[in-house]
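Chains as they are written, first to last, in the working numbering: chain V, 1 to 735; chain A, 1 to 584.
By construction, these hints were calculated from the structure, which means they are not laboratory data.
Since we're looking at a predicted model, the values are computed, not measured.
For every residue, glycine included, the Cβ atom is placed at its ideal position computed from N, Cα and C.
Everything hinted at is true.
Chain V regions said to be covered by chain A (calculated; three or more residues, Cβ under 8 Å):
#: 1; stretch: 571-579
#: 2; stretch: 619-626
SDA-like mimics (lysine to any residue), calculated; alpha carbons at most 20 Å apart, straight line:
#: 3; chain 1: A; residue 1: K479; chain 2: V; residue 2: V579
#: 4; chain 1: V; residue 1: K687; chain 2: V; residue 2: R131
#: 5; chain 1: A; residue 1: K479; chain 2: V; residue 2: D575
#: 6; chain 1: A; residue 1: K360; chain 2: A; residue 2: A391
#: 7; chain 1: V; residue 1: K687; chain 2: V; residue 2: P72
#: 8; chain 1: V; residue 1: K718; chain 2: A; residue 2: G520
#: 9; chain 1: A; residue 1: K479; chain 2: A; residue 2: G533
#: 10; chain 1: A; residue 1: K360; chain 2: A; residue 2: V259
#: 11; chain 1: V; residue 1: K718; chain 2: V; residue 2: F666
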Amino acid sequence: MSVTVALFAALLFQASPAPADAGAPDAGDASAVDAARDGGDASAPSAVAPPPPPVPRGRLAGRVFARGSRKPVAGASVTVDLDELVETDREGRFDVEAPCGARHVGLQAPGFEPLTLERDPCAGAPPLVARLVPRPGAAGYETVVHAATSRQEMRLQGEELLRTPGTLGDPFRAVESLPGVTAVAWPAPIYAVRGSNPGDTGFFLDEIPVPALFHFALGPSVIHPYFFQDLDFYAGGYPARYGRYVAGIVAARTRQAPDDDVHASVDVRLFDAGAMVTAPLPGGGSVAVAGRYSFTGSVIGLLSDTGVDLGYWDYQLRADRTFGPARLTLLVFGSSDTLTTRSNTLSLRFHRAKLRAEIPAAGGLLSASVAVGADHSQAPIVDQVPISVSAVSALPRLSFTRPTKHVDFELGFDGKLEHFDPVTMLDRVTAIDLGQRRDVRLLAGYASAIVRAGSRLVVTPELRLDSYTVNSTTDTQKADLGPRLSARLAVTDQTWIKLSGGRFTQLPSLPLQVPGTEDFGLALYGLQSSWQGALGVGTTRFWGLDASVTGYVQRYVLTDVRDPVLTSAIDPLADDYLVRRDALAYGAEVLVRRALTERLHGWLSYTLSWNERALGGGVIGPSDWDQRHVVNLVLGYRWRGFTFGGRAHFNTGRPVLVSDSAGETFQRLPPFYQIDLRADRRFIFDKFAIDGYFELVNATLSRQIVGLTQSMPGAAPKEDGFRIVLPSLGVHAEF
Amino acid sequence: MTRAARETLVARAHMGRGRMRSALLAGVLLATLAAGCLDAGPTPLGRHLVTGRASEQVQLVDGAVGAPRRLLLSRTLPAPNEFALPTLELSAVDDPGPGGGATEARVIATGLDLPFSHCTTPECTTPIDALGRLYQFRDSYTVTAQAVTFGNGTLVRVDPATGTEHDFGPAQSIQVSADRTRVVFEPPATVPPSPGSPGVSAPFVVVDLDDTMTSFAADTASFAGNDLYGLTDDGHLLRLARDGHAVEDVATDIASSYVVDTGRGALLVLRRLVDSTMPNGAAVTSFLDATTRTEETLPPMTAQGTIFVLSPSGRYAATERFPLNPMNLPTDGTTTLTIYDRDTRQEMVSTTSEFVSQPKWRPGQDEVWFDEGADLVRWPVGGQPEAAGHASQIFSFPTLGPPSPQVLSTEGEPVFTPDGRFRVFAERYQLNNEIIALQSTDDPSAPLYELNRPSMGVAAIWPLVDGSLLVEDFVSDSKKNDAYIVDPTAQTQRRISTTGNVVATGRDRCLALLNWVAHGGSGDLTIVDYATGAQTLIAQNVHSVAVDASADAGDALASGTRVAFLVRNRIASPYDGLWVIELP
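Full structure from sequences and hints, please.
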């Protein structure tokens with residue numbers, strides 16, 4: 001973000017070295033500017049010259065828009081013959097008085113290419129309508145300056161969210177290229193963070209846990225990509241306002257819709273279509289509505305009579321409005337997936353609605369929200385015995401933040417009340433309550449203080465108290481106090497050291513998050529927990545790059561799947577489907593990043609990790625996700641309206657169990673690499689813009705190996721896998 | 001750059017490297033400490049006799065008469081080439097007893113056929129003579145590009161104590177007498193002189209403990225107790241008495257014979273042909289008592305029976321007779337059933353036009369039960385046949401449980417609990433399994449009691465000494481089940497364990513492999529108490545278990561009972577290998 005600020009300053013400097021309304025300028029410079037403005041000689045003695053006749057003046061009025069979107073540009077500086085006169089208002093309008101005659105009207109705004117037009121204020125021309133061309137790579141719509149944080153998060157925004165190669169345009173998929181992340185079995189969007197199980201990392205949208213991130217069968221994210229404003233990824237040591245996950249957090253925020261006019265965008269791809277409309281609300285505020293519908297099932301049905309029907313849809317709505325001092329935000333989103341075969345039906349569906357109010361109070365900001373949710377899942381989990389789960393939930397949240405000169409305080413509470421109603425044909429009494437009707441009450445209070453001790457040290461101590469109650473066949477309640485600490489020490493202006501650590505807890509979980517299958521097993525397995533510690537050093541402006549190295553150690557108690565080999569005999573409702581295990585993960589993460597504003601931009605991430613499990617029976621072995629080396633290189637390059645991108649991924653294989661006559665042994669899958677390519681071309685018209693893009697995921701045709709089979713003792717194991725290439729061709733139009 | 005400056009830089013570089021080394025060392029130390037915190041799991045209870053993970057199965061087999069049972073380990077050796085099959089390797093382990101240390105397994109035989117090839121008992125136990133020597137086969141299979149053919153293997157005798165091996169040459173089968181002092185094997189028939197012409201049967205060979213061999217020229221051979229009986233192709237029933245070497249001609253005109261063990265000792269059922277054109281429909285049957293060596297003629301209706309079922313006491317014989325056509329298939333017509341009292345030499349006769357299943361004696365009672373059409377019929381001795389409920393609606397009863405004599409056998413219907421108080425039957429089919437129900441045999445009209453819940457199947461039923469049942473119910477994997485103690489009288493059940501399978505039952509407790517992992521086949525060997533459900537873990541990742549029969553006849557898992565088990569973790573573990581524990 002500081003890069004954006006610097007860019008803004010540079011633009012101002014170039015455009016107006018001595019602004020007319022910038023206070024008392026240097027006398028000499030001022031006289032030179034005045035002389036130039038009047039067209040006279042600055043060195044001529046003014047005392048002897050007769051007073052010039054007054055120059056007739058006229059008015060220059062107009063409106064400035066962002067080219068291609070009909071969005072007004074607020075705060076653009078308007079200059080006439082290099083004199084900055086005014087800034088555009090929030091509707092992009094300006095109205096200035098200027099001498100008659102041909103004048104050079106300059107328009108500049110951060111994130112846009114400067115524009116100069118020639119106008120005569122006295123020519124009686126209609127109001128000027130100018131359209132500024134967005135600068136490639138700029139975040140564009142708003143610039144928020146963040147103070148240096150003590151946490152070790154990585155933030156993605158703008159094009160990084162939408163155009164990272166290999167993501168098919170889905171912001172959540174960009175996570176797989178970040179340090180600390182293991183993609184369990186590409187192309188499935190299942191991520192293990194720092195040695196934990198995929199279900200141990202939480203995904204939040206505006207602080208609401210998102211129960212499912214992606215649609216079935218390599219489908220897109222359940223949230224429209226243009227709904228996102230930015231996304232923070234914490235591989236560990238996440239803030240106390242979040243909880244109930246023992247590994248990392250992905251916290252995404254939605255964008256407030258513009259309130260100037262109606263805007264819309266449409267996306268059409270080979271396999272689905274989506275649209276988003278934003279509009280001002282009568283009386284103030286704005287609303288954004290988005291949705292997506294897949295025609296994959298229809299295409300499959302047309303092409304063959306396989307009996308397979310696949311379909312999905314999702315929707316999102318955000319409305320913002322101010323009532324007096326209070327600002328209200330309504331966020332509604334939901335998703336549905338259905339996969340029907342001749343023998344089974346698999347469906348996942350959820351809805352969420354959240355209303356948040358923010359009110360200034362006592363020198364700070366009071367934020368209160370409540371979200372309600374409804375989930376429904378149906379899956380054949382035991383051979384041919386289906387189970388369906390319906391769940392309703394309420395998630396209240398209250399926080400008060402108050403910044404002071406040296407300390408930013410935050411106090412908060414968040415809760416989750418949920419009722420699960422599973423239906424299964426299995427009439428079975430078990431201790432695992434995954435298939436049992438149950439009520440869950442999760443409550444937490446937290447306190448946080450960002451302490452700025454001098455100009456170089458920021459320390460953030462935090463405390464979170466979690467209470468877990470699960471009432472099913474047995475009523476169980478547990479509480480856990482989780483202290484957390486993060487700190488940032490600026491060794492120099494460009495070099496920092498960060499540390500973070502703490503304790504985190506979570507209810508038992510399945511390896512993957514499935515709506516309706518959360519919050520169970522407290523009596524049988526107890527809480528999952530982790531102690532985390534990380535220490536990192538980083539530098540900025542390192543040959544134009546930001547670079548950091550972070551070492552971490554995470555000590556877990558996790559619920560693992562006891563038998564990772566999938567067979568039809570696996571029974572997820574058996575008491576021992578999961579097993580409580582001690583686990584340890586440690587390693588180092590390297591991130592080198594070049595800002596998005598650069599013509600050549602992107603990042604390189606490297607993760608070196610060891611992930612161990614206490615497997616029992618005298619064995620400490622690798623976890624199922626233990627990949628020693630993971631390297632991602634994500635690059636983008638802008639050239640003549642095009643943006644070419646590429647992502648190269650490499651990982652050393654994870655361990656799998658291989659059976660032979662002597663039992664089973666852990667063997668490593670072979671290393672895997674792939675290259676993804678993407679090309680974008682943006683066509684900007686006056687009032688709308690069209691993006692065409694083509695993406696080829698796995699352009700190297702690499703074969704993903706997911707298992708090894710020992711056919712003959714002593715022989716090389718047979719590699720079981722598949723080769724998937726995902727082409728995507730799409731058009732995005734917005735106005 | 002001056003020399004001093006260079007030295008300063010070098011010193012700083014060294015200091016930097018030193019700091020890096022220190023940081024690296026600290027990191028490694030931290031990780032090591034953290035790793036050291038990981039708990040590798042509990043050490044198995046008992047004595048770790050043999051390390052390693054090669055063995056697949058442990059057995060406690062009979063030793064020499066009077067000697068304790070012997071520990072055997074076996075493993076499958078891969079086929080050396082595509083024209084061979086995997087073979088078996090046997091190793092013996094000398095148990096030093098409580099307080100003894102580790103020992104080693106001695107390989108005593110390799111290249112043996114896998115055990116399924118010449119099974120002679122339902123449990124497929126290894127034939128062992130009175131000196132503790134094992135009899136096994138080799139090379140019973142011929143593998144070609146087209147097929148795998150089972151044929152005559154080579155019979156070998158292995159002495160586990162010495163490792164010496166004796167080769168008896170090709171043989172088709174082997175039997176051991178009751179006192180294990182004599183074995184008999186059947187050499188293959190001679191090769192036919194020309195294709196299509198029959199070969200000539202070779203006489204059986206009887207081998208005594210001292211390797212004295214006696215030829216037994218018969219087409220069949222079966223031990224009745226310790227005497228060997230056989231039938232020649234010209235209808236002579238031969239006998240080779242225990243300790244004798246002279247073959248006696250016991251009876252003539254015998255068409256077929258078989259041995260039945262009864263409460264009164266072994267009995268031979270002899271059938272003589274009356275009309276050679278109707279081999280089964282025109283035969284008369286008599287009994288030959290193997291103990292008294294006297295033949296017992298039967299009353300006319302009983303003698304014409306085609307099926308003979310002796311009561312457990314040996315006093316009664318139930319027979320069925322239904323007309324057969326020349327193709328030896330039942331014809332439509334009347335079926336005649338009889339109950340013959342061997343003491344009074346009286347017979348009771350009943351007839352029916354319905355299809356009748358093979359009769360079965362109710363344990364502890366002098367009652368015959370059988371299906372008659374859709375009805376279940378009870379026929380007490382001295383009474384009349386009477387309806388006792390509905391016949392099972394399921395065509396075949398599921399095979400239940402591991403091959404253990406402790407498991408309720410479901411062979412032949414109706415199936416009774418050992419005390420005869422209840423009938424166990426498949427009541428109805430649902431999804432992939434059957435609902436198994438109990439029916440009171442004293443009051444067949446009493447409500448049925450279902451042993452499994454809907455959507456679950458019954459994996460095994462273990463009758464316990466107090467008359468209750470240990471029932472294992474499963475969802476999708478019969479070895480991963482929930483165990484219940486069922487009181488059939490009170491019609492209640494109580495769960496004592498989940499997620500595993502029972503391997504042996506005692507009076508008050510059972511041994512189970514809990515947390516069963518199908519892939520690799522192992523579980524946590526656990527003692528489960530019937531009364532409380534309390535569990536005592538013996539070892540994790542146990543792949544094979546052998547229980548030494550307790551001296552306490554009423555409690556197979558009495559305190560001190562020796563249990564051998566193989567730990568074979570999914571991946572190599574220091575705990576892998578053979579362990580032995582005397583049960584607490």
